[in-house]
Amino acid sequence: MTNLDAPLYPPAKAYDPPRRLPRILSSRETPIAILQSIPAAWAIVNKQIPGMDRRIGNEMIKPHLGNFSLESLLVFGVVQREPLARIDAELARLGEVM
Amino acid sequence: MSFEFDTNRRQALMVAGAGAVFPMVGVAAAKPPVLPQRASWPLRDIPFDDGWKFHRGGGDGFEQAGLDDSTWRVVDLPHDWGVEDVPGGTEPAQIGPFDKTAVGKGATGFTVGGEGWYRKRFSVAGYAPDARIELTFDGIYLESDVFLNGHPVSSNVNGYIPFAIDLTPYLDRKGDNVVAVRVRNEGRNTRWYAGSGIYRQVTLDVLPSQCRIARWGVAAWTRRFADGRAEVDLTTSLEGDAAGYEIVTRLIDAEGRTAAQGRVAAGSEVRQTLTVQGPRLWSPDHPNLYRLETELRRGDKVVDRLEQPFGVRIVTFDPARGMAINGEVIKLRGGCVHHDNGLLGACAFRDADERRIRLLKQRGFNAIRSSHNPASRSLRETCDRLGMLMIEEAFDAWHEHKEPQDFSVHFREHWEEVIRGMVLPARNSASVIMWSIGNEIPFRASDEGVEWEWKLANAVKTLDPTRPVTAGLNGVLGQEMIAGADTARPGFAGKVDNASTMFLDVPGYNYRLDDIEREHSSHPERVVYGSETFAREVFDYAALMDRAPYFLGEFLWTAMDYIGEAGIGATAFLKNGSLPYYFAAWPWVNAWCGDLDLIGCQKASSLARDVAWGLAPVTMTVLRPAPDGTFPWTANWGWPDELASWNWDDHKSKPLKVRVYTAGDKVQVILNGQTVGEKALAAGDKMTAELPVPYAAGTLEAVAWKNGKVIGRTHLETVGEAVSLRVSAEPLSQRRGRDALAYLKIEVVDAKGRVLPDDMRPVTLALEGSGELAAFGSANPQAVGSLKASHTKTFRGKALAILRGRGKGALRITAHSPGLRGANARVAFE
Numbered sequence: 407m408t409n410l411d412a413p414l415y416p417p418a419k420a421y422d423p424p425r426r427l428p429r430i431l432s433s434r435e436t437p438i439a440i441l442q443s444i445p446a447a448w449a450i451v452n453k454q455i456p457g458m459d460r461r462i463g464n465e466m467i468k469p470h471l472g473n474f475s476l477e478s479l480l481v482f483g484v485v486q487r488e489p490l491a492r493i494d495a496e497l498a499r500l501g502e503v504m
Numbered sequence: 003m004s005f006e007f008d009t010n011r012r013q014a015l016m017v018a019g020a021g022a023v024f025p026m027v028g029v030a031a032a033k034p035p036v037l038p039q040r041a042s043w044p045l046r047d048i049p050f051d052d053g054w055k056f057h058r059g060g061g062d063g064f065e066q067a068g069l070d071d072s073t074w075r076v077v078d079l080p081h082d083w084g085v086e087d088v089p090g091g092t093e094p095a096q097i098g099p100f101d102k103t104a105v106g107k108g109a110t111g112f113t114v115g116g117e118g119w120y121r122k123r124f125s126v127a128g129y130a131p132d133a134r135i136e137l138t139f140d141g142i143y144l145e146s147d148v149f150l151n152g153h154p155v156s157s158n159v160n161g162y163i164p165f166a167i168d169l170t171p172y173l174d175r176k177g178d179n180v181v182a183v184r185v186r187n188e189g190r191n192t193r194w195y196a197g198s199g200i201y202r203q204v205t206l207d208v209l210p211s212q213c214r215i216a217r218w219g220v221a222a223w224t225r226r227f228a229d230g231r232a233e234v235d236l237t238t239s240l241e242g243d244a245a246g247y248e249i250v251t252r253l254i255d256a257e258g259r260t261a262a263q264g265r266v267a268a269g270s271e272v273r274q275t276l277t278v279q280g281p282r283l284w285s286p287d288h289p290n291l292y293r294l295e296t297e298l299r300r301g302d303k304v305v306d307r308l309e310q311p312f313g314v315r316i317v318t319f320d321p322a323r324g325m326a327i328n329g330e331v332i333k334l335r336g337g338c339v340h341h342d343n344g345l346l347g348a349c350a351f352r353d354a355d356e357r358r359i360r361l362l363k364q365r366g367f368n369a370i371r372s373s374h375n376p377a378s379r380s381l382r383e384t385c386d387r388l389g390m391l392m393i394e395e396a397f398d399a400w401h402e403h404k405e406p407q408d409f410s411v412h413f414r415e416h417w418e419e420v421i422r423g424m425v426l427p428a429r430n431s432a433s434v435i436m437w438s439i440g441n442e443i444p445f446r447a448s449d450e451g452v453e454w455e456w457k458l459a460n461a462v463k464t465l466d467p468t469r470p471v472t473a474g475l476n477g478v479l480g481q482e483m484i485a486g487a488d489t490a491r492p493g494f495a496g497k498v499d500n501a502s503t504m505f506l507d508v509p510g511y512n513y514r515l516d517d518i519e520r521e522h523s524s525h526p527e528r529v530v531y532g533s534e535t536f537a538r539e540v541f542d543y544a545a546l547m548d549r550a551p552y553f554l555g556e557f558l559w560t561a562m563d564y565i566g567e568a569g570i571g572a573t574a575f576l577k578n579g580s581l582p583y584y585f586a587a588w589p590w591v592n593a594w595c596g597d598l599d600l601i602g603c604q605k606a607s608s609l610a611r612d613v614a615w616g617l618a619p620v621t622m623t624v625l626r627p628a629p630d631g632t633f634p635w636t637a638n639w640g641w642p643d644e645l646a647s648w649n650w651d652d653h654k655s656k657p658l659k660v661r662v663y664t665a666g667d668k669v670q671v672i673l674n675g676q677t678v679g680e681k682a683l684a685a686g687d688k689m690t691a692e693l694p695v696p697y698a699a700g701t702l703e704a705v706a707w708k709n710g711k712v713i714g715r716t717h718l719e720t721v722g723e724a725v726s727l728r729v730s731a732e733p734l735s736q737r738r739g740r741d742a743l744a745y746l747k748i749e750v751v752d753a754k755g756r757v758l759p760d761d762m763r764p765v766t767l768a769l770e771g772s773g774e775l776a777a778f779g780s781a782n783p784q785a786v787g788s789l790k791a792s793h794t795k796t797f798r799g800k801a802l803a804i805l806r807g808r809g810k811g812a813l814r815i816t817a818h819s820p821g822l823r824g825a826n827a828r829v830a831f832e
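Line order of the protein sequences matches chains A and B. Per the working numbering, numbering of the first sequence is gapless, rising by one per residue and ending at 504. Per the working numbering, numbering of the second sequence is gapless, rising by one per residue and ending at 832.
Please note: incorrect hints may appear among the correct ones.
The calculated lysine-lysine pairs, modelled on DSS-like cross-linking and capped at a C-alpha distance of 30 angstroms, are [unchecked claim]:
id: 1; chain 1: B; residue 1: 107; chain 2: A; residue 2: 468
id: 2; chain 1: B; residue 1: 497; chain 2: A; residue 2: 419
id: 3; chain 1: B; residue 1: 688; chain 2: B; residue 2: 659
Covered by chain A, according to a simulated footprint, are these stretches of chain B (three or more residues, beta-carbon under 8 angstroms) [as the list claims (entries may be wrong)]:
id: 4; region: 130–141
id: 5; region: 252–260
The set of hints was computed from the structure by calculation and includes no laboratory data. C-beta atoms are modelled at their ideal positions from N, C-alpha and C, and glycine is treated no differently.
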């Protein structure tokens, strides 16, 4: 038995909202709900993937739109990879957003 | 009458046994103790499971003490009405407990909730007149209201946390008391089968009124190993006036010897350190347990006493080594499990939990994730005893819902109860390695979600700072953020993190295999694991475990089949030209995504995992051929429709696809003595070789080679026609009375005793003797009948009967199937 100290995970003192960093929107990292909340971004998505609102309208997916990116939907077959690069190129032109 | 016992009196009580000492506690006291009572102080944890009355449905006045409940059904807990036949149900819309119109739809496996009432009469006339009497429910699904003698005494809205009720204010000390419990499981409140009713244990505690050990009031953890000693820190909380009392704390080893002891003056919260010389450490391979005894004394009189299992172990996490237990690196070979016990529904029988954990250990699992709720005490104690690591989980939703009536409805008002209900009862369990504050939480990266993440993580740490906080994260990790010094985890102030991970010590990733190594380059400080994984990625995760020290391991979704989330692992044959999509609708009722099926048998994915995890050098399956004009389809959580079978008489026209799983570099397939295929395996093949083999009845053998040497063989045989049934009983546990379950496998076999691998036919049971049929069914993921009746249909040649004891006595079970020779077995319950 080797000498060993157990780790501790103490609680923090108080909650002060963390500072959000600006970001470039993308099909890989940005939650769909965020894209939906930015009209210019969502217009890009709908242009490249027609009927996007219908595709993500079912009860199984709706709760996860705050966690799923467009790329997250690939495994479920809701979107295909092919238009994602075009979406990313257009989203990048919007510049950094909060 | 004084409510105190001296030591000799206590020992005398133990020898006498609970049944003799507590003759007045209703039906429970009239029964013999289930387990030897030496390990528990008889004034706590008095079984209160037997002799309840149950009525399915609602009504007026059911809480009143004087209600005539003579027509109500007698049930012994644990009880789950969700696996009982739908009252008045008729096929085809209702099949056994399954109802095509159930509000929960496929999520609950088409089972039906509703309202149910429980009542139990008891007396406490034998106890001290000033004793405090508490009742502890380990879990009721879902919403419950408890009444004593007609008075409301408690309500609970979470279906998975234990809660204790002080009955004292409305107790009749001399006469009969009636406790009544209304249980409601209504609406769409869950994404999986949750059960309905008082599905976990109920216990009675008789406590001293002046001063007592607080409920879940002892916290113990191993702080240090130094020079061959273990230092165990303890905090003991008391309720009442502690002046003049002492606390004596001991660790007793498996041989009954005192390994460490401390005595200290009592206070509302008392800290102690026990030092154990040469401790026997706890680990999954060596689950050594001590008995942690806490005594509250006044002089030499023991006033209160608590005993619990305790394992001496230190778990560490760091990106350079991963997870280590007692300094030894260990990878998590984990499985997610829901709480149901298959055919028994949600009932938390200790024998059922023990069987499940044993089966998983046999298949190489060393960890489970209690998804997505706090586990039962019986499951957790089983993990402690058998050496199964465990992640306890609090929530499936926080402030935003997944189902319209799920816990998000109550979250803002009741979240702290859940955190306390998860942490306090489990914080001394050696098996528990992490606290999960949630699974795939909707909108967790929003401003409100991040604040909840912080609140929950810190609420956990306030109760138990000895384990890391985790969560199961699907999708993306959210926007990059920076927290200040007062808010951040120690060492993370001012550092860039993601919204979903910034307050987690060990992030869990659901289905994010491709992200793990990519993210490590930008966040090398993270220690991560796969909190949910697809079975099809078993070889990828095994390889990742080997090469990435910061990756702790995986938790398969799921280790074992469960009722509900019907068909998320379905396979189907779809018409050529159609879209590759299949919706597993009614009558699919179980998830069919487990490595083990609903009755505990290995499925094809488990055979592959045996190789990935080094349990077997080679395993073999055959892909079920697609009918002409169709193509095979497998759901995301599924595994292709493979069988360990060489019975394919109807498929002679085309070669069959034989899959061989091996860690070798070459496989050879031999049919009836003739080599019919060879294949070399490269790293990219992921330990899988697929070879076309034309069918001919006989023996198909696979030989695995590595570096020119044979490392293993396996074979499949063509099984003959069904001739008879075979009934075989699994070994009984030591449990007695109503706690004892017996598992009997019923198999359809040929003349040589070989199981028909894909056989489905009716089987009927006849029981004679002492005991009852608790459940009878198969692993069929589709509804085929009752789970309580004496008849069922085999699936893949097997069915399972689960018998429940009624005390000492033998039970003979005989199985019949038309045209086959019957079989029987005898079970002797204690």
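Evaluated hints:
1. 107/B to 468/A: Between residue 107/B and residue 468/A the Cα gap is close to 18 angstroms, so the pair holds against 30 angstroms.
2. 497/B to 419/A: 17 angstroms, holds
3. 688/B to 659/B: 17 angstroms, holds
4. 130–141: violated (count 0)
5. 252–260: violated (count 0)
When each numbered hint is compared with the structure, violations occur for hints 4 and 5.
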